Amino acid sequence: MRVAAGFAAFALAFAVVPFLGLPAFYETFMYLLLHAIVLATSWNLLSGYSGYFSFGHGAFFGAGVYTTAALSGKYGWPFLPTLPLAAGAAALLGLLLGAVVFRVRALRGELFALLTLAVTFVLATIMLNTVDGGPGIQVMAAIPKIAPSASGTLYLMMLAIAVGTLWISYAVFYSRFGTGLFAIHDDEDVAEVMGVPTYRFKLAAFCLSCALAGLAGGIHAVFVSYVTVAETFSIALAVNVVLMSALGGTRHWLGPAIGAIVITALLYACTAGEVAVLGRALVGVILIAVIVLMPHGILGKVLKRREGPVVHPAPVAAPAVITRSGPILVARAVSKAFSGVQALSEATFEVQRGEILGLVGPNGSGKSTFINVVSGHYTADSGSLIFEGEELIGRAAHRVARAGIARTYQIPRPFPHLSVLDNVALPPMFGLVTMDRASAQAQAWRWLEFTKLADKAHRFPSELNLHQLKFLELARALASRPKLLFLDEVLSGLTSTEMDEAIQLVRAIRDQGATIVFVEHVMRAVMELTDRVVVLTYGRAIAAGAPRDVMRDPQVVDAYLGTAGA
Amino acid sequence: MPSATLLGQSILSGVFIGALYGLLGLGLSLSWGMLRQVNLAHFALAFLGGYLTFQLSNRLDPFVTLAVTVPLFFLAGVALHWFLSRYAADTLNTLLVTFGLTSIIEAGIHWFWTADFHRMDSVYANMRWKAGIFYIPLPEVVTLGFALLLCGAMWAALRFTDFGRAARAMTEDAAMAAAFGVNEKRLGYVISGLASAFAAVAGVCLALSHTLAPVQIYAWMGVVFAAVMIGGLGSALGPLLAGLLIGVSEAITMAVTAPTWAPLVSFSLLIAIIVLRPAKF
Amino acid sequence: MKINRRRALAAGGALLSTIALPTALRAQGKPIRIGSTLPLTGPLASLGIIHKVTGEIYVEDLNKRGGLLGRPVEWVLRDDQSKPELTRTIYEQLITADKVDLIQSPYATANILAGMGVAQRYNKVLLHTSFGIPRLAKYEMQFPVSGSAFDPENVWPNLIFDAAAKLPKPPKTVAVVTSKFPSVHHISAGAREVMKKRGLQEVLHIEYEFGNRDFGPIASRVKDVNPDFLWGGTNGIDPVLLLEAMKKIDYRPPAQVHLFPAPGPMLKMPEAQGSLALTTFESHPPFTDDPKIAEFVKTFGERAKDAGIPYTAVDLQSAIMYAAWQVLEAAVTATKSLDDKTLAAWLKKSEVKTLFGTLSWNGPQNYVEGRDVYKVKQLQQGKWFVVHPTQWAAPGAKIT
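Going line by line, the protein sequences match chains A, B and C. To convert a position in the first sequence, counted from 1, into the working numbering, add 1. To convert a position in the second sequence, counted from 1, into the working numbering, add 63. To convert a position in the third sequence, counted from 1, into the working numbering, add 6.
Excised from the complex, chain A in its bound form:
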């Protein structure tokens, strides 16, 4: 509420400018600043937050410009009704593009940048040859009288959009949505497995980003009053928004706005006739100096310094009592092949509710593939996986997480740009019971305490050692309060004292009511921890039962001695 009041106060403070009787220049100049703020901030919503680097912001801005220009300039519509359409046209373009592009997993990084760049050229060409036709469009729309002057009105409209955009940027930044986007930025696959609906989030962020750019474009068409394709669909715009965001800091909601103000003001300062050329060089020098001095952008420092207090939550709640019995997960004839190699071959076994099941087998026997199939990372070729009576195969990974299944990674895959606390707070936001950010963090503190990482809460994963990273993996998996937890070689690489600690931890987890599938090479731990063991070789479950019985099974002895046991 305090923040909302802050935004309102800010908006009101600037809304009085046109009524002060200042020279109109000031509102026009501030309009330019606000315009840049909207463009940079809207770009950052997708590209800064989720890391999908768009080089085509000019296209979406241009879609808005030309919607208003065509409707208002050519068909004589009044100005205001064109604005929702300008935003809508840009959003629709984003939606169509996103719907195609985000389905294809490999289209990250440069390819996404290229695609959006190419869309700019394509749209510009279409506009030039159809809507525009060549001579440009004059937009002489009547501007509603909100302020004493026309430029005052445009200023107020852009102010409203800028405040709205900043509010959205802020709200997203501190919401589940924003956390999900940041997780996508760092590791999209893990984010999906942690329950983040990556496709929908990316699409939503893209549409939002486009709509805001389109809206700004609609107003700008009237501001410049004469639009041409060359001026509108310029690469310069795409480059400028990137520069502004990076200069201000892409990982802060206010960063792009700060960058926008700095760059726009700098460029304007160089308009004095005699020094125009030198001014351009000066802008370059300043830009380089800023980056050298502030490599994470102007607001990057703010983020680094964010050291919060260590919170000690109430002790972990009493262990949940396991009421029901019977299998929690039933795998029937699950098969998966990779370019001819049969990683899983009709694997069939059950996981009983409340047990610690050891999943063992030589290297390449299909253990990791099984986890990847259950967690939705791969889709099985055939077979069925029934979790609590529901089929998992064919479900998107984030819906598997929602159902209450969590996993750890053998090689820890934390989100490198999120603090340890945020890493652990993410799964509760997207797990079985979805929480808002504040309660997720409270939950996270609990698990940090549990894994003895509380004093590292505000560090970044790069500052942790392997042991701590493994525990971070655990804390993250636990934080979503899963019903079924897959632990993928959590012990490998640990010293024997660290291992003892870890084994204690796994026991404690089970005591809280989770069912655990424990994949491990360290036989000592398997014997000590597990209630039952399933042995996989060549993707097939060849034995199941109490650890000591299974290990005496001649088939199992053969499998181990024949391959990995030598």
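A couple of the hints might just be wrong.
Straight-line alpha carbon distances no greater than 20 Å define the calculated PhoX-like cross-link-like pairs of lysine-lysine that follow [to be verified]:
no., chain 1, residue 1, chain 2, residue 2
1, C, 105, C, 36
2, C, 347, C, 144
3, A, 75, C, 144
4, C, 144, C, 178
5, C, 253, C, 274
6, B, 193, C, 253
Derived, one-sided and incomplete: chain A residues facing chain B with beta-carbon distance under 10 Å [unchecked claim]:
no., residue
7, 102
8, 161
9, 164
10, 165
11, 236
12, 246
13, 279
14, 286
15, 297
For each label pair, taking beta carbons as the anchor points, the in silico distance ranges come out as [said to hold, decoys possible]:
no., chain 1, residue 1, chain 2, residue 2, range
16, A, 100, B, 220, 38 to 44 Å
17, B, 196, C, 297, 54 to 60 Å
18, A, 287, B, 127, 37 to 43 Å
19, A, 437, B, 215, 29 to 35 Å
20, B, 235, A, 340, 17 to 23 Å
If you are wondering where the hints come from, they were derived from the structure by calculation, not from laboratory data. A quick note: this is a predicted structure, and the numbers were derived from the prediction, not measured. For every residue, glycine included, the Cβ atom is placed at its ideal position computed from N, Cα and C.
Using the hints provided, position chains B and C relative to the given structure of chain A.
Then chains B and C, alone, in the frame of chain A:
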């Protein structure tokens, strides 16, 4: 339906312009793919090279100016790498710093040579051959030759030499490469130096067959970036092939229909390639 | 172009002189401040500099002659970076914050439109030098000084085809190649209508995007149809690129026009000789018969060289800026007023003699319809000469 002469001559024209896209893209691709530096200043450097050639062409043969510009630019590339690796840690920051550098170089060019268009007079400008029904102008052939030579040599170097193996290892996994004794630092300087030297060569081609003006620095960015990205970062032949694809598809469009639709065809083609065949990349 | 110390010093001197300007003024009293923007950086900078040098020469001379109304004139010039939105903002700054007395023309259609909107809001007279689409100029206190008619899309093609009819071999077939650059595109569209009326056969019509890099295919298509006359709806550097592309395939149209080429780069090209183009003024008699104008041509040559402008003769670009100041001076002097309404009223009913002919503003939207002061020039042996209409032709020059 266009005549065979028209179509053939247009395709040739597309090949020549595509070669220049590839040549401009080569250095960009190397520094982006291998050093994770998006060097926007590459375009400014190429034009600076063009202007230097233009300036020196009063006294020297345009090709002889390469003896001056290539070593000079190699050093500039080394210096740039030193600066970027020291002060611009991530990829986005290299973009910012090199954009700043672009502004500085652009202002420098504007100051020295004015904003006006410049064209170099050289004995080569008027040389051309007639091969059957087609005309083949020398400056364009030179551009194509340079593009084939440099992209080919770079490709071979990356594939068959120790330098290349080390460079590719570094691209894959810098830490691992370092563990195997790859001198990452020195390699970085060499690659950055080469990339800039290629800009000098591209500069000569620009001066030979195109117009020089400070604003032209930005005119090539979009299409060359597209060629680099579609060709694959760090690839030596990729940008050239992609450049040829863009150049030829645009030229054919221009020959058979309204030239204003040309970008639509080439860029739709690119979009289709990316979306439909992601596995290839 | 040579770079030398002199140029650097000149630029430095220019910088110093702006700082020292107030004390250097010769006329007495509070200066009359006239504000405008020009594209000193960005894509239009090569033309902006010509306008800047021209304006500086005029204002300097004006002050030597005692200024306006006995007061010195100060030209407040700022760089709009070739961007319309900056043009708009700076004009607003000039008018509402800097409170200049009068405003002068920016450069290029989009920027003039941006400036015109501001002028309209504050009721300022706007003279403009380079507005490509007259129908879009709807403000009652805007006045063109470019010499263009209200309907250039009709007047100019007729002018050009009149000139072409005087060619040794008058054209019957025409290939139209035009850029989508707004103003020239507009003229080319008109030319196609005019061709129909004059019974000329259009054998090819192609449009390309302004900023096109590869003229090879376009050249091949022109060669393929082999017209009597090439209508180049081109401006800036495009004519040179098109000519070069045609040269590369060993083709040269029998006759051709390029509407507004950058004058310099074409001069030395053998294949450009004989090209026609539009102009208002060239640095030869009868234009330079007036000693005042001859003096200006000489000064411009020197200053342009110092500023590093490669083409140092006065032509269309420089002349329209000069005319803009001539018209402004005439209006202020005749009305003895700086009031915009008074100036506008005077302009509407008056005629002003400029260096390229007499301008008036009594037609639709302050233009005149059906005629203007444009001429056709031809590149002959490395120099541009006006060849049509004959009263403006260089002595002895003939269309060839």
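Hint-by-hint comparison with the structure:
1. C:105 <-> C:36: holds (14 Å)
2. C:347 <-> C:144: holds (16 Å)
3. A:75 <-> C:144: Within the cut-off at roughly 16 Å; holds.
4. C:144 <-> C:178: Answer violated: residue 144 of chain C to residue 178 of chain C is near 38 Å, above 20 Å.
5. C:253 <-> C:274: Cα-Cα ~14 Å, so holds.
6. B:193 <-> C:253: Holds: residue 193 of chain B and residue 253 of chain C sit about 12 Å apart, inside 20 Å.
7. 102: holds (7 Å)
8. 161: The hint is violated - residue 161 of chain A has no Cβ within 10 Å of chain B, the shortest such distance being about 30 Å.
9. 164: violated (27 Å)
10. 165: violated (26 Å)
11. 236: holds (5 Å)
12. 246: holds (9 Å)
13. 279: holds (7 Å)
14. 286: Holds, about 7 Å.
15. 297: Holds, about 9 Å.
16. A:100 <-> B:220: 38 to 44 Å: Taking Cβ atoms as reference, residue 100 of chain A and residue 220 of chain B lie about 42 Å apart, which means the hint holds.
17. B:196 <-> C:297: 54 to 60 Å: holds (58 Å)
18. A:287 <-> B:127: 37 to 43 Å: This hint holds: roughly 38 Å between Cβ atoms.
19. A:437 <-> B:215: 29 to 35 Å: violated (58 Å)
20. B:235 <-> A:340: 17 to 23 Å: For residue 235 of chain B and residue 340 of chain A the Cβ distance comes to about 21 Å; the hint holds.
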